[in-house]
Amino acid sequence: MADSYLHRSADGAAVSRRTAIKLGTSAAAIALAAPAVIIPGRARAADKLALISWGGGYRKAWEEAFVNPFVKETGIEVVIADTPDLAKVKAQVTSKNVEWDVFDCPGSMALAGAAEGFWEPLDKKIIDTSDVYTAFGADYLPYYMFAGGVGWDPKRHAPGKAPADFVQLFDAAKFPGRRGLRTRISETLDIALLGDGVAPDKLYPLDVERGFKALDKIKPHVKKWIAETPQTISLVQNNEIDFSYTYSGRVKAAQKDGVSIEFSWAQTINALNYLTVLKGSKRKDAAMRLIAFTLRPDRAAAFAELLGYTPTVNKALPLITPETRRWMPDMKNPKNVVMDDLWWQKNYTALQKRYSEWQLT
Amino acid sequence: MRSRHVALFLAPSLLLMAAVFLVPLGQMAATSVDGAALSARAYEELAASTLFRRVLANTFEISLGSMLATLLLGYPIAYHLSRVPPARRAIYMVMVLLPFWTSILVKSFAFTVILGEQGIVNSLLRFAFGPTAALPLLFNRTGAIVGMVHYLLPFMVFPILVSLLAQGSDLHKAARVMGAGRTRIFLRVTLPLSLPGVLAGCVMTLVLSLGSFVTPELLGGRKDLMMANLVDFYTRVSLDWGVSSAIAVILLVLTGMLIVALARLPGEHKLI
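Chains as they are written, first to last, in this note's numbering: chain A, 1 to 361; chain B, 362 to 633.
It should be emphasised that the hints constitute simulated quantities derived from the structure, not laboratory data.
Among the clues, some could well be false.
Stated by the list, open to error - Calculated cross-link-like contacts (lysine-lysine; reagent style PhoX-like; alpha-carbon spacing at most 25 Å):
#, chain 1, residue 1, chain 2, residue 2
1, A, Lys88, A, Lys252
2, A, Lys217, B, Lys584
3, B, Lys584, A, Lys353
4, A, Lys88, A, Lys279
5, B, Lys468, A, Lys213
6, A, Lys60, A, Lys315
7, A, Lys353, A, Lys124
8, B, Lys584, A, Lys219
9, A, Lys48, A, Lys353
10, A, Lys202, A, Lys332
11, A, Lys217, A, Lys353
12, A, Lys72, A, Lys282
13, A, Lys202, A, Lys213
14, A, Lys252, B, Lys468
15, A, Lys284, A, Lys60
16, B, Lys468, A, Lys256
17, A, Lys315, A, Lys161
18, A, Lys219, A, Lys88
Chain A with its partners taken away, still in its complex shape (with noise of 0.2 Å):
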């Protein structure tokens, strides 16, 4: 096809040096598009310890809270790369051609993980769990919490005429103006159902049917299903939307830079991220040790310093700063929920192809 077409113009008036050089463009053309085809970061050194984890500030705050003092006590080196893809796991543990030591994800990728057996059990002689107050699996540790809830314009909103809890931002007649939700069917189904009146603690399990309604409802009200977490901020301050549910340390973060959106702590979706060591990991010792790093109270707390979220050992917890603590859910405040991962992790495949297929209609 291609090379028919290239034939063409060769035999055609006028085989000139220029002709050469406009072909040679539109393959420079094609060149310059193939960087779209986004090549892996790899942690090609065999002897270092291979982290992979998010990239911008997310990486610096490893930098600086976990990864520079561990190598500076421990001696062992550690290879950052970017991004944690449950694909790329499955690839290299099935094909027994393990390049990835410790993996840091969201409580979705760790327990489908685990449910495939792409984990090495966590090694309790070297990690010591006893501080942390959430539920973990044998071969998953949850390091930190983070919140999702309403973000708006205060310049735009004022006090109590934006939606402060997940009833209000379902409550469109209250409460008029253009929602942004996600198109991922986690944390969303459990928003609508809080948004219907579900009471926090009667939650789990999770009422497909009554929330799939709950979403018919707001339907109308949903300018923009948002697949792309950085859409939650901007469109906000793009004024495309009036309400957005985003995440603190999304808000954090533009308010850093200048950006007029405000975030509720009325009522909060807590969910948990983790570390994880992948099956046939060739430097599992030095990967459990750096996560029993994490654990340390004084390494969680600088974690949290940087960037809002909230450790998973009770220790670190007074070691915070009041200014950051500002940017930490109240757990003790009844109307907040933590995500139950294993609930999702049973259902998440099935329930994201029926969203999905509702979006469509």
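Please arrange chain B on chain A, whose structure you already have, making use of the hints.
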């Protein structure tokens, strides 16, 4: 003699393609039927899935729409580029390539500023025709296609430009001597001779847009889910590589058929 030379020149690239393209493609096809088990499970699941059928229809609608819009915008640009002096053309070509150097997240933010409810276009419309005159340009199919066209334009402009530049100026002189006017020269000489470039551009943009992923997610609405998003879901979230391979195989076959149909369009310049 000549064909032997051609084969010789093509051999290295053909070998490379066989190793890095055909082999993985074969593996993917094998995964879709669960290897030696030759199971039709993945295909049965897709055949029963309303989600898959809707997304498949979406994918082809958005891709063909984007291809046509890109052609309508790209041809005049290529035509103009072929008529300006080479020095100025170089500058214009850089401008055509600009979309490549911008991250999609930045572009989506910029498009929101232009096309959004409070964006430049709608502000102008309200200024001109009163406060109710605003068009929904974002988070729907229009938004998705605008974003795609912006990305695809260079892939249409360059092949057409190449085929326009390959036309000798003698041809146009001859036509003029024979008494043809500008319109007639364009319709009878320039346009027909540029059709291979048009076809190449159409095929390239179509193939690229069939696999697009982030642009419709950022600028489209809830009904603009594309096939690549579904492949992503099966690959990375549900880890069901059988189904994601089956989707890829189906998309490959349908795209192949579409390209053959495009290339066989009636006319003197059909490619197959």
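Okay, the hints, checked on the actual structure:
{"no.": "1", "hint": "A/Lys88 x A/Lys252", "in the structure": "31 Å, violated"}
{"no.": "2", "hint": "A/Lys217 x B/Lys584", "in the structure": "18 Å, holds"}
{"no.": "3", "hint": "B/Lys584 x A/Lys353", "in the structure": "14 Å, holds"}
{"no.": "4", "hint": "A/Lys88 x A/Lys279", "in the structure": "13 Å, holds"}
{"no.": "5", "hint": "B/Lys468 x A/Lys213", "in the structure": "35 Å, violated"}
{"no.": "6", "hint": "A/Lys60 x A/Lys315", "in the structure": "24 Å, holds"}
{"no.": "7", "hint": "A/Lys353 x A/Lys124", "in the structure": "38 Å, violated"}
{"no.": "8", "hint": "B/Lys584 x A/Lys219", "in the structure": "13 Å, holds"}
{"no.": "9", "hint": "A/Lys48 x A/Lys353", "in the structure": "39 Å, violated"}
{"no.": "10", "hint": "A/Lys202 x A/Lys332", "in the structure": "16 Å, holds"}
{"no.": "11", "hint": "A/Lys217 x A/Lys353", "in the structure": "20 Å, holds"}
{"no.": "12", "hint": "A/Lys72 x A/Lys282", "in the structure": "21 Å, holds"}
{"no.": "13", "hint": "A/Lys202 x A/Lys213", "in the structure": "18 Å, holds"}
{"no.": "14", "hint": "A/Lys252 x B/Lys468", "in the structure": "24 Å, holds"}
{"no.": "15", "hint": "A/Lys284 x A/Lys60", "in the structure": "24 Å, holds"}
{"no.": "16", "hint": "B/Lys468 x A/Lys256", "in the structure": "23 Å, holds"}
{"no.": "17", "hint": "A/Lys315 x A/Lys161", "in the structure": "39 Å, violated"}
{"no.": "18", "hint": "A/Lys219 x A/Lys88", "in the structure": "35 Å, violated"}
This entry does not satisfy hints 1, 5, 7, 9, 17, 18, going by the numbered hints stated previously.
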